[in-house]
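Student: Listed below, chain by chain, are the residues.
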Amino acid sequence: MSIKPINRVIGKAVPILGDDIDTDRIIPARYLKCVTFDGIGEFAFYDERFDSEGKPKKHPLNDNRFKDASIIIAGNNFGCGSSREHAPQSIKRAGFNAIIAESFAEIFYGNSTTLGLVCVTLPKTEIEELAKTVDANPNIQIEIDIEREVIRAGEKVYNCGIKPSTKKSFLDGEYDSLGVLLKNMDKVKEVEKNLPYSFA
Amino acid sequence: MGKNLFQKVWDIHKVADLPGGRTQLFIGLHLIHEVTSPQAFAMIKELGLKVAYPNRTFATCDHIIPTDNITRPFADSMAEEMMQALEKNTKENGITFFGPESGYQGVVHIVGPELGLTQPGITVACGDSHTATHGAFGAIAFGIGTSQVRDVLATQTMALNDLKVRRVEVNGKLKPGVYAKDIILYLIRHLGVNGGIGYAYEFAGSTIENLSMEGRMTVCNMAIEGGARVGYVNPDEKTFEYLKGKKYAPKGENWDKMLSYWESIKSDKDAEYDDVVVFNAEDIEPMVTWGINPEQGVGISEKLPIDDNPSFKEAYEYMKLKPGAPIKGTKIDVVFIGSCTNGRIEDLREAAKYLKGKKVASHVKALAVPGSTTVKAKAEAEGLDKIFIEAGFEWRNPGCSMCLAMNPDKLIGDQICASTSNRNFKGRQGSSSGRTILMSPAMAAAAAVTGEISDAREVFELN
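Same order as they appear, the protein sequences are chains E and F.
In terms of the working numbering, the numbers along the first sequence are unbroken and rise by one, the last being 389.
In terms of the working numbering, the numbers along the second sequence are unbroken and rise by one, the last being 465.
The following block holds chain E by itself, in its conformation from the complex (with noise of 0.2 Å):
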């Protein structure tokens, strides 16, 4: 279970501010009746960009400036709510790689750093700062370097937080946990055999 590290993430980046965006506005539960998580990229944030009747709203994802996004810019309290992966999953198949948050809920964190979506936090008023440099030039290249913990955008350099377990598996490419259970095997037999509880 060999996976490529991440070190860094490169790409133009989309604002979608407001606290406490929860995993059923990032995917409605409607959306969630799948065996496989395959197209669900394309209901990211579906009733937040359309209205009942399927009219396009105002909303960052339908600004034309933003659609070659790959990093996401959001407030606190991002991803609060549901433990389901569709949530992260529906971000990553939609094409991002990325999300700069002032703070996330704690299941989605893990969950999306699992699949490579690297997560980092930015105090408010830099969020702000970075969510109007974006606006102003949407073309601009935004760069996570995770190895320093900085971003980079243009000439501004902010320090950004991550969770050193999570760097460093992003690091070592083991940021898919799979892998590195599976090599404890033998710890996990003898820690069973141990138990005082069984449901036989």
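It is possible that some hints are incorrect.
Distance condition first, Cα-Cα at most 30 Å in a straight line; then the derived DSBU-like pairs of lysine-lysine [as the list claims (entries may be wrong)]:
#, chain 1, residue 1, chain 2, residue 2
1, F, Lys253, E, Lys378
2, E, Lys244, F, Lys16
3, E, Lys382, F, Lys259
4, F, Lys10, E, Lys356
No lab work stands behind these hints: they were computed from the structure.
Go by the hints and put chain F onto chain E.
Tutor: Chain F only, in chain E's frame:
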């Protein structure tokens, strides 16, 4: 210094330290359902892996199952496909599946405790965020995503960052008409929807101790809505009494052995915590939400907050409510009593007690959805179904139903629902402009009768 329950259970289940500082943790009980597992089974199959411990994995179906007509094939072909995938995956891998014919089907977080699978001192994982419910028994229970469901299927372990532990203490006697649901909505209002990020919540104090197991489940269920990864209550006599005689609970000699294990994992008297917060039960009144996340709630007698914070503005626009106005008197269209938060027997009993001899307001559609087949049977044996039906409720089959509306139970347009569920997110109940007001079953019963958001204490003369 002593240890708290979280640290003890964590240590017992720790397999290894992983590079980068994460822990590989053994999962003693893996619960699965039809929505988040099919992709995980496909992933392990593709990798040529097998389910490592099928006897520690149990399945049921809840999210997509219709609550009116459960004749197969389901009318919704996608729902049918998901159901078939679960049937096939559990069969191929030797996993016990509690489907509708088993007599045990229901919302996964109601079924686990009912069967005695949920026990103190165990680790639980399920591809559903409300897995924290199982913490009511003193288990450490994680809601996980599909890649982690895959990890647990393949290895019975997952990679986790350690959590800090916050003791959330509530002391004193609850006033009449105030329930577990009001406690948790009150706590989330004060601690915030992201106040728990990085934490496990240990719910404690005399108020929590005096709650029934059902009430403790309601509180733990919504720990996630406060941002906490897990929530739990230390086990006690009430916990052990609940477990006794349940299908998968330990029996005979094993019971005594497990009892001493359960005693051993309780938080020590001198346990250390990363944070302690203390609340007074007497400050809590029946709570209702007014906004688009569970933190946006008020006591029923309060006026809606005036604040120019943009998230409040967004919430008011969506909910079509006015800052400074009372929430009481807001007209409602639908009542939903059910879900993993409030779909247990005690919830139905409480609502039925007040609905007896009363009628649902003529403009209101009201749904009572038992959380499981067991709950439904118990309720029917007690005649609760008749009370609901005579009052004008629809009495349905078990499932998640209108909590997240993945089955045909949905709001239409911008209908307002007085709901006993756990999330009031935009579009949560199946319509992209539908509105949800969260509350306890007693408050939902009051709203059903008056057709508007009401104070159950006034409607049913509780004091």
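Student: Hey, lysine 10 (chain F) versus lysine 356 (chain E), does the alpha-carbon distance stay inside 30 Å?
Tutor: Holds - the C-alpha atoms of lysine 356 (chain E) and lysine 10 (chain F) are around 28 Å apart, at most 30 Å.
Student: Given the hinted pair lysine 253 (chain F) and lysine 378 (chain E), is their alpha-carbon gap at most 30 Å?
Tutor: 25 Å, holds
Student: Do the alpha carbons of lysine 382 (chain E) and lysine 259 (chain F) lie within 30 Å of each other, as the hint requires?
Tutor: 16 Å, holds
Student: For the pair supplied as a hint, lysine 244 (chain E) and lysine 16 (chain F), is the alpha-carbon distance within the 30 Å limit?
Tutor: Not OK: lysine 244 (chain E) and lysine 16 (chain F) at ~51 Å, beyond 30 Å, violated.
When the structure is compared with the earlier hints, a violation turns up for hint 2 alone.
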